[in-house]
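S.K.: Sequence:
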Amino acid sequence: MRPKYFVEYAALRSVIFFINLFPVQLIMLFCTSVGWLTWVVAPFRLRITFKNMSIALPDRTRRERMRLLRRAYIQICRTFGIVFILHRPSMRKMISNTVIGGQDVLDRALAQGKGVILTTCHACWFEAYFAWFNASTLPTTLIYQKQRNPLSNNFFLNQRRHHSGDNLEYITSNEKLGAYEDILQRGRLLIISLDQNYNKNGTPIPFFKHTLSCARGAGLLHLKTGAPVLTSVYYMKDGQMHIDFKEVELPAYQELNEENINDICSRAIRDYEPFFRTYPEQWFSLYHRLWSKKTDFYPEIKRTLKEIFS
0 MRPKYFVEYA
10 ALRSVIFFIN
20 LFPVQLIMLF
30 CTSVGWLTWV
40 VAPFRLRITF
50 KNMSIALPDR
60 TRRERMRLLR
70 RAYIQICRTF
80 GIVFILHRPS
90 MRKMISNTVI
100 GGQDVLDRAL
110 AQGKGVILTT
120 CHACWFEAYF
130 AWFNASTLPT
140 TLIYQKQRNP
150 LSNNFFLNQR
160 RHHSGDNLEY
170 ITSNEKLGAY
180 EDILQRGRLL
190 IISLDQNYNK
200 NGTPIPFFKH
210 TLSCARGAGL
220 LHLKTGAPVL
230 TSVYYMKDGQ
240 MHIDFKEVEL
250 PAYQELNEEN
260 INDICSRAIR
270 DYEPFFRTYP
280 EQWFSLYHRL
290 WSKKTDFYPE
300 IKRTLKEIFS
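Residue numbers for the sequence shown follow numbering that gives the first Met the number 0, so the first one is 0 and each next one is one higher.
Please note that a few of the clues may not be correct.
Said to hold, decoys possible - With beta-carbon atoms standing in for the labels, derived distance ranges: (1) Pro88 to Lys293: 42 to 52 Å; (2) Lys92 to Leu176: 35 to 45 Å; (3) Leu150 to His121: 16 to 26 Å; (4) Glu246 to Thr37: 31 to 41 Å; (5) Ala110 to Leu20: 40 to 50 Å; (6) Phe5 to Tyr252: 44 to 54 Å; (7) Gln253 to Glu168: 31 to 41 Å; (8) Glu168 to Lys199: 23 to 33 Å; (9) Arg276 to Pro250: 23 to 33 Å; (10) Ala9 to His121: 25 to 35 Å; (11) Lys223 to Lys245: 20 to 30 Å.
Calculated from the structure, these hints are not laboratory results.
Ideal Cβ positions, reconstructed from N, Cα and C, are used throughout, including at glycine.
Please build the complete structure, drawing on both the sequences and the hints.
M.R.: So, in structure tokens, the structure goes:
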């Protein structure tokens, strides 16, 4: 194991220990301050966030987008703070009081006995979203991307199990298709994230009128197993956590081909566009190169003092 992994892990545990010396309200205030300072002094990936915000919200003015980005940088710093304090009583209470929309949709899908392909997106409250499933009785498996540092990877997995429950199963994104089919055959929910750029391995679908190379898994698994496809969004509204489920209406496909895979993924991701327009500051993938990996796709952004502070 590389020595740098031990150093990174030691730094991670030190930060977690330090943060948890303080009450939750003070931690959130500190994270908010760090987010505001980051926005003013060194907004990381500003070219990417501004371009993504412009694509998702073409009708907004530049000034409006800048204001939303300020809120987004504050939110992303609060997100990192939340990851380390979900075990605190106030955070557990927040998760247990989550408002669920579309529970009947989820129950009907599970009752079919084919498992459920539960698509989702990368929003800022992802750890709280996972914690809700972990604490529930719903048979759920999460496809996750394994971290390079095995110490940090195991720490976060164990932390979720220790503090939130052990209901949620995990499977890496490197498994073969058969492993995901087995999960569905066991009648489980399989969580798949859609809003990522998979380059040549994805299927090109329209997302905010631009082409996104989306993961093919949701479409491929539906065609092979017949499992229903649902969308799920999670967000904070008026100080309360929400998770909404919705069925993706699909026709009866006759063949397993790229055209049908593309159609399923396109129909699924379509429902996420209005969500991101409503809660752009809670969109975690705002910081990712979604539509292109090329640097010239993201032009340099120069801000005025008025745009920074207004």
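S.K.: Which constraints among the numbered hints does this structure fail? Numbers only, ascending.
M.R.: Nothing - there is no hint that the structure violates, so all of them hold.
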